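So the chains spell out like this:
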Amino acid sequence: MTGQVLAFDGIGQDFATPGSGGRIRVLDGISFDAEPGQFVAVIGPSGCGKSTLLQMAAGLLMPTRGNVKHHGRTIDSVNQAVGFVPQQAQLFPWKTLQENVELPLVLRSVPAEQRRAQVAKAIEAVGLKGFENYYPNQLSGGMQKRGSIARTLVYRPDVILMDEPFGALDAQTRMVMQNDLQTLSAEAGATVIFVTHDITEAVVLADRVVILSQRPSRLLANIAIDLPRPRDVFEPFKNPGFEQAYDAVWSVFRSQIDIRGAH
Amino acid sequence: MNDAASVDAAPAARKWSRRFAALGQFGISLLPGIVLLVFWQWASGRLIKEIYVSKPTAIAARLYELFASGEIIPHLITTGQELVLGYVIGVAGGVIGGYALGRSPRLARIFEPYVMAFYGIPKIALAPLFIIWFGIGIGSKVALASIMVFFLVFYNVFSGVRSVDRELVNLTLVMGANQRQLTWHVYLPAASPYIILGMRMAIPYSVIGVIVGEFTSSIQGLGLFIHEASSTYDPAGVFAGIILLLGFVLIANFLAGRLERRLLRWKNPTTQPPSDI
Ligand SMILES: Nc1ncnc2c1ncn2[C@@H]1O[C@H](COP(=O)(O)OP(=O)(O)O)[C@@H](O)[C@H]1O
Ligand SMILES: [Mg+2]
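Residue numbers (my numbering), protein chains in the order written: chain A, 8 to 270; chain B, 506 to 782.
In case anyone wonders, no lab produced these hints; they're calculated from the structure. Model, not experiment: these values are computed from the prediction. Where hints are given, some of them may not hold.
Think about it this way: if two alpha-carbon atoms lie no more than 30 Å apart in a straight line, the pair counts; the simulated DSS-like pairs of lysine-lysine are [to be verified]:
(1) Lys520(B) with Lys136(A)
(2) Lys772(B) with Lys102(A)
(3) Lys102(A) with Lys136(A)
Stretch by stretch, here's where chain B covers chain A in the computed footprint (C-beta under 8 Å, at least three residues) [what the hints assert, rightly or not]:
(4) 84 to 91
(5) 94 to 102
Not the full set, but computed from the structure, chain B residues with beta-carbon under 7 Å of chain A [as the list claims (entries may be wrong)]:
(6) Ile641
(7) Gly644
(8) Met680
(9) Trp771
We put the beta carbon where it would ideally sit given N, CA and C, even for glycine.
Make a model of the complete structure from these sequences and hints.
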């Protein structure tokens with residue numbers, strides 16, 4: 008126990024419903040935290056407020072109730088000490104891969120020489136060496152996602168927020184990316200909050216899985232996944248102990264899935 | 506994923522054959538124009554009286570004479586000045602105004618209705634008013650051209666800035682950007698296709714503004730020259746004036762095209778996306 012890097016404390020969020028003037032309760036008293044270097048997966052049904060939680064950790068949205076603390080400091084403005092990897096890669100189309108990855112360092116006034124070294128390292132780490140001068144629309148979806156991750160790793164934030172980062176990728180690309188993320192996040196030693204709606208992905212990647220309920224969303228369970236690392240993401244069920252861990256998560260999560268499939 | 510070099514390399518031979526193809530394409534697109542000129546030359550005096558439509562050779566002769574005598578030079582200079590000034594002022598105002606209102610919802614709520622109301626006024630109808638306000642010199646023409654340019658550029662920049670992806674802006678803030686950096690790294694580049702579009706659309710409008718101003722009342726300029734040529738039944742002079750105006754537009758389009766290729770390089774990929782992983 009070295010203390011928490013990031014702590015969500017009694018988070019509640021109400022949004023105004025468009026038109027009617029009413030309010031909708033999205034999050035209802037969510038508390039959990041992450042220790043240094045921990046990989047925390049957050050799963051929950053679509054629309055339960057997972058993205059909203061990440062927005063709060065990034066300081067882009069203030070919770071209606073409760074607060075988020077980063078190293079004990081309450082987040083009350085944009086949190087520039089974290090990294091954010093959105094669902095779409097969101098590279099700047101007008102910048103080359105090199106310029107994209109370099110931007111956070113430019114914004115932070117890192118000297119040019121140091122920038123060059125750090126950018127080269129980050130691009131190499133995600134396997135995009137040789138594509139430095141490509142514009143995003145010349146890169147495939149998976150490569151753009153790698154670029155997006157490099158752009159976050161390059162300034163070494165101690166917390167990385169990821170919002171369904173692999174949701175839009177095809178199955179094979181996703182597995183390769185999961186495998187690489189496992190290595191990269193371990194190397195970076197960063198705390199990762201990883202939002203997904205894929206249970207297998209959550210269990211195979213995470214140290215803890217936080218399960219949220221349908222709106223108004225409460226915390227259903229916070230389950231530790233004590234599987235040895237590195238884990239095999241290509242055949243997750245071959246990891247010793249995976250089945251039990253998966254069942255533990257699924258037994259909680261199944262209650263939140265509309266079995267009739269009416270959606 | 507290490508085949509970047511082979512993706513890039515285009516053999517020299519292919520480059521040449523592409524150049525020939527482009528040349529051939531150019532030749533073909535020239536053809537209708539040549540046919541039109543030949544028909545015009547032939548029909549003039551046969552199907553239609555020359556006094557109405559002049560003819561290409563007469564116009565060419567007139568153009569030569571205008572330059573040889575130097576008669577046209579002061580007109581060209583005046584109109585050129587009006588165009589450049591009107592265009593630059595209009596673009597600058599449009600970019601600044603559009604950007605400010607695009608970034609600030611509060612300003613937009615206050616001023617947008619007014620801008621939209623003025624947008625609806627046919628700007629041509631302001632010509633007589635501007636002559637009263639700014640005199641019959643270049644001031645009134647610059648004002649008329651710049652107001653036409655302003656609205657086009659303003660509207661494009663405004664919608665361009667408004668359309669910038671909120672998530673991208675938030676992401677850049679988290680990456681460490683302050684407001685000034687946000688402007689340079691996100692808002693302006695994201696709006697640049699709209700800015701360029703507005704600038705291109707505004708070129709013919711700046712010419713309309715200047716010429717209408719000169720038609721209305723002026724001491725010098727191509728508009729005045731065309732006006733006088735028409736009132737002395739000199740169709741070759743009218744056409745010569747129109748061709749010179751066309752020259753201005755072509756030069757402006759060429760420059761705008763260069764700017765567009767420079768600024769929007771990222772929109773025209775020269776290579777295809779490689780396959781995944
Ligand atoms: N800015 C907002 N204003 C109003 N409602 C919002 C806003 N942001 C999110 N919501 C609502 O909050 C709920 C949760 O959204 P979100 O966090 O994106 O869910 P998730 O990421 O879990 O799918 C949704 O019902 C959504 O409509
Ligand atoms: Mg979401």
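Evaluation of the provided hints:
1. Lys520(B) with Lys136(A): 27 Å, holds
2. Lys772(B) with Lys102(A): 10 Å, holds
3. Lys102(A) with Lys136(A): Distance ~16 Å between Lys102(A) and Lys136(A) Cα, so the pair holds.
4. 84 to 91: holds (count 6)
5. 94 to 102: Check passed, 6 qualifying residues.
6. Ile641: Not OK, violated: Ile641(B) not within 7 Å of chain A, min 45 Å.
7. Gly644: 38 Å, violated
8. Met680: At about 4 Å, which falls below the 7 Å cut-off, the nearest Cβ of chain A leaves the hint on Met680(B) intact, so it holds.
9. Trp771: 5 Å, holds
The structure fails to meet hints 6, 7 from the earlier list, while all remaining hints are met.
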